[in-house]
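Visitor: With the hints as your guide, set chain B onto chain A.
Number of protein chains: 2
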Amino acid sequence: MNKQLLFVKRPVGEAGDDTWDLVSNPIPEPADGEILVKQHYISLDPAMRGWMNDAKSYIEPMAIGSVMRAGSVGEVIASKNSKFNVGDFVSGHGGVQQYITTDGKGYYTVDPKLAPLPTYIGTLGMPGMTAYFGILEVGKIKEGDVVLVSGAAGAVGSIVGQIAKIKGCTVIGIAGGAEKCDYITNELGFDGAIDYKNESVRNRLKELCPKGIDVYFDNVGGEILDIALTRLRLHARIVICGAISQYNNKMAVKGPSNYLSLLVNRATMQGMVVFDWAKRYGEAAQQMGMWMAQGKLKSKEDVYEGIENFPETFARLFTGNKMGKLVLKVIED
Amino acid sequence: MNKQLLFVKRPVGEAGDDTWDLVSNPIPEPADGEILVKQHYISLDPAMRGWMNDAKSYIEPMAIGSVMRAGSVGEVIASKNSKFNVGDFVSGHGGVQQYITTDGKGYYTVDPKLAPLPTYIGTLGMPGMTAYFGILEVGKIKEGDVVLVSGAAGAVGSIVGQIAKIKGCTVIGIAGGAEKCDYITNELGFDGAIDYKNESVRNRLKELCPKGIDVYFDNVGGEILDIALTRLRLHARIVICGAISQYNNKMAVKGPSNYLSLLVNRATMQGMVVFDWAKRYGEAAQQMGMWMAQGKLKSKEDVYEGIENFPETFARLFTGNKMGKLVLKVIED
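Chains as they are written, first to last, in my numbering: chain A, 1 to 333; chain B, 1 to 333.
It is possible that part of the hints are untrue.
The list cannot tell twin chains apart, which means a pair is met if one copy fits it or any two copies do.
Stated by the list, open to error - Using 30 Å as the maximum straight-line C-alpha spacing, the simulated DSSO-like pairs for lysine-lysine come out as follows:
| id | residue 1 | residue 2 |
| --- | --- | --- |
| 1 | Lys279 | Lys165 |
| 2 | Lys254 | Lys206 |
| 3 | Lys250 | Lys298 |
| 4 | Lys142 | Lys279 |
The hints are simulated quantities; they were obtained by calculation from the structure and are not laboratory data.
Only chain A is shown next, with the shape it has when bound in the complex (with noise of 0.2 Å):
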């Protein structure tokens, strides 16, 4: 059988058990030209939260009924399409459920050989590929840069901290916790950490960049996007991610009361969406399988287990309670 997990309740506010229902399913045969992916790894994004809202945005909401979305990886099983065949692992937005059809597209292989299985859908996939079309093409950083980056002990904000250092940055990173902040500086190489949760950032922030920041690599919105604005240097770049601290309110959205700081310091903000960059992922997961393989870029998850679990789980990404990628396995072995 394949338990799928199906959106079945729009969540206001923080998604509750009783936005899904778990449900087992005949395993699917594949169509002509279609293959059948048994799914080893799904991957929890912050961003999942806003599909499930009923909002225009940059991507269809979910349909109510419909399996989870998310990103996935896993192996061929079957193949009726000559471009895969089987024992293929292959990468794509599976969703949360153990077994998919799937035509191919959208789906491509990967190497579990050069990298274990949830890099791909990590450092080597959606949140690898955000940090680095955001950092280098929107934040444009370039070297003696000072680079502050929300959220930094996560998916998106660890890769963009270390690609900054490999750029020649200066890089801060904010995160909540002793534990993420000690990683970041020991294991990831960045030049300080601000603990949201037991410091304060505005005091931290003016200590360790007593001339300000150039680029701010915004993941989570909120206090701490308004703070960053207090600290701009000339020209300044924010790049907006995310939200995180946002994506449950259900009220309003708190705005950034210090954007003025961009006219002062006639400063840009600018909002990315990965999506946009899709034909360079090949170029970007070539150079970050390079500097993985030269041991200056870490790629870390938090791998949960079991389809059922995946409430619990999501709700990490919002708490904080996790270390890195956060990713479920679904295949039961």
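Guide: Chain B only, in chain A's frame:
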């Protein structure tokens, strides 16, 4: 005697009469290398309210007891500087006073035969330069763009909209009251107007820009910025030129709650300060002078009289009780 308006008290909220003190002092004598200018007109701009605050900004806060800072235009009546002759007309930042001695730094000569003197502190001065570089260099308009501008009947907004029309854009202006809306559509050739004092900006914007907007040139901030954010097209640009609605706030500035529209639409919000283009003012003045001569660009100044009337004239910037560029004649005939 030289009537001078001194800045004597930092206002909280609206600048009341006690912000300034009108004094009379002997007309100064120019030292070697200096000129004596008899000032005819001074410029009133919303940015002046910001200069009064004791806060880090793009320019030093005004010192208590100094002459109120202002752009001005006047006549050289004595010269000990070989670059300027008696009888020359010059523009610079002479402040709110009738006479000034200066070494001429930041002053340039203007020709009263080519344009009326008030135009040199309006369309051919700082507001015109702001409009020119803001819409062309920051807004990056191109033919066919849908352009929205707030403060559309004002010194900056009216020029922004006309330049966008010259460049082949569809232009919608937001202004307060039927008279201003008639002016921008009937006299200036805007494609549409929204009377924010009497109409729903949200509904009218949907009607007038059914496909959304490519560029929003923001002079006002607040609620109107937030509404504009809901109507962005892909890759839209927002030019943050000012925030008139927020300058007199006693509480925190209202941040744009809908800023995540930047993410959804891969849009950019960029701040600007006109001084950054100082080296290119000549180019802009020449181009705008040519457009004026060709009848493509109209300049309107609303001239009040009497240095003693500065406080009540200044208040018109924020009530909107004016038409076009606000100017005060400080010379006594």
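Visitor: Run every hint past the structure and note whether it holds.
Guide: These are the hints, each one checked on the structure:
| no. | hint | in the structure |
| --- | --- | --- |
| 1 | Lys279 to Lys165 | within (25 Å within a copy, 36 Å between copies) |
| 2 | Lys254 to Lys206 | both (23 Å within a copy, 24 Å between copies) |
| 3 | Lys250 to Lys298 | neither (36 Å within a copy, 48 Å between copies) |
| 4 | Lys142 to Lys279 | both (24 Å within a copy, 26 Å between copies) |
The structure fails hint 3 only (numbered hints given earlier).
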